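Residue numbers (the working numbering): 51 to 420.
Rather than coming from a laboratory, the hints here were simulated on the basis of the structure.
Among the hints, erroneous ones may be present.
As the list claims (entries may be wrong) - In the DSBU-like style, the derived pairs of lysine-lysine whose C-alpha atoms are separated by at most 35 Å in a straight line are:
1. K83 / K217
2. K419 / K407
3. K389 / K83
4. K407 / K83
5. K367 / K389
6. K217 / K397
7. K397 / K83
8. K166 / K83
9. K127 / K397
10. K397 / K367
11. K127 / K76
12. K389 / K419
13. K127 / K419
14. K419 / K53
15. K166 / K389
16. K397 / K407
17. K166 / K217
18. K397 / K419
19. K389 / K53
20. K76 / K53
Remember, it's a predicted structure, so these values are computed and weren't measured experimentally.
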Amino acid sequence: MSKDLEAGVQWESSMLAFMHRQLRVKQPASTPKSGTQFASQTAIVTGSNVGLGFESSRQLLALGLSTLIVAVRCVPKGEAAASALRTEFPDADVRVWILDMASYDSITAFARRCDKELDRLDIVILNAGVAMNDFQISSVTGHELVLQVNYLSTALLAILLLPIVRKRRERLNRADDAQLPPARLSFAGSDTVYWSVLNNPRTIQNLLNQLGDGRASFLEQFDQPEGYNMDIAYQRSKVLLLAFVARLAEEYVNPDEVVVNCVNPGLSTESTFLRDGVKPTKNWLLNRLSELFLNAFSRPIAVAASNYIDAILWKGKESHGSFVSDWAIKPYPAIGYSKEGQAFLAKIWDETLGELKFVGVESILNGMKK
């Protein structure tokens, strides 16, 4: 498990390790391209009309998935993707459900629909995410948009879906008088967590100092436009998400019922999650260098998406609460092992539950507690 792999943090955080992961580490030859491994099962994939979400959906269907929920914010785009999937997999039930990850109302409505309409729920891939060149505030929640979508909204959706997944599993086990393997809940992670400024104890201390200067919370600090940087915001959102996954799994989710992990697909220029927010800079040379870098180290979208399938199909309880990257369990970033980091992340956890208290998340979590 990731919590036991601290010795590997320094290597994984290096640029050399990134290049090694992208260029030298290969998809396992044992990864199936077709089959019936997911026959009779139901999956939800968020952000599944394009990029990694679409490709991972396609790979699930190729392995016999019976029912797929294409969870997207734009129904026409979702229907276009679903049409392509239905053509390739005519025996599958592919449904398009609206889900706007910037809206708490949309998320809670989506969860209620899952509870009402799905007889079973075996696989959830929380893939939807954003990166934004410019600072933006969600008009609905008032939070910085990357933090909102990648972290807060994803945490809320996970908490709302977990009891549904568990109830469906228990019902199936009783009906079949058998013990099914655990369901799977996989979050979209990123190996950029290793490069986050949050791994620097001085950054944590500066955030603590600002609390002393009168800012009420860390989340409030992250909502400030001063000094906004896309990379910092994106990396931070993924660090917070990984820490959330680790604590959620450790304290509240039984891996005999649901295996919860955070999966890094790796860099792929075919992934389109950047499409809405990231634009070229005014510096032609910087744009060209960035393009060359991305093309040099990008992996094909099918290879990137196979990390999701690997985490669902091959990674068992040993991956519970862990960071899965390049088809293997990897260390947390440095913040996950330091005393200062643990204190900071504990405060973030408390703030997150406070932010989401309107749906009674503490009661939901306590109801799942192992």
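Hint check results:
no. : hint        : verdict
1   : K83 / K217  : holds, 31 Å
2   : K419 / K407 : holds, 17 Å
3   : K389 / K83  : violated, 43 Å
4   : K407 / K83  : violated, 42 Å
5   : K367 / K389 : holds, 26 Å
6   : K217 / K397 : holds, 30 Å
7   : K397 / K83  : violated, 43 Å
8   : K166 / K83  : holds, 33 Å
9   : K127 / K397 : violated, 38 Å
10  : K397 / K367 : holds, 27 Å
11  : K127 / K76  : holds, 32 Å
12  : K389 / K419 : holds, 25 Å
13  : K127 / K419 : violated, 38 Å
14  : K419 / K53  : holds, 20 Å
15  : K166 / K389 : violated, 43 Å
16  : K397 / K407 : holds, 15 Å
17  : K166 / K217 : holds, 12 Å
18  : K397 / K419 : holds, 20 Å
19  : K389 / K53  : holds, 14 Å
20  : K76 / K53   : holds, 24 Å
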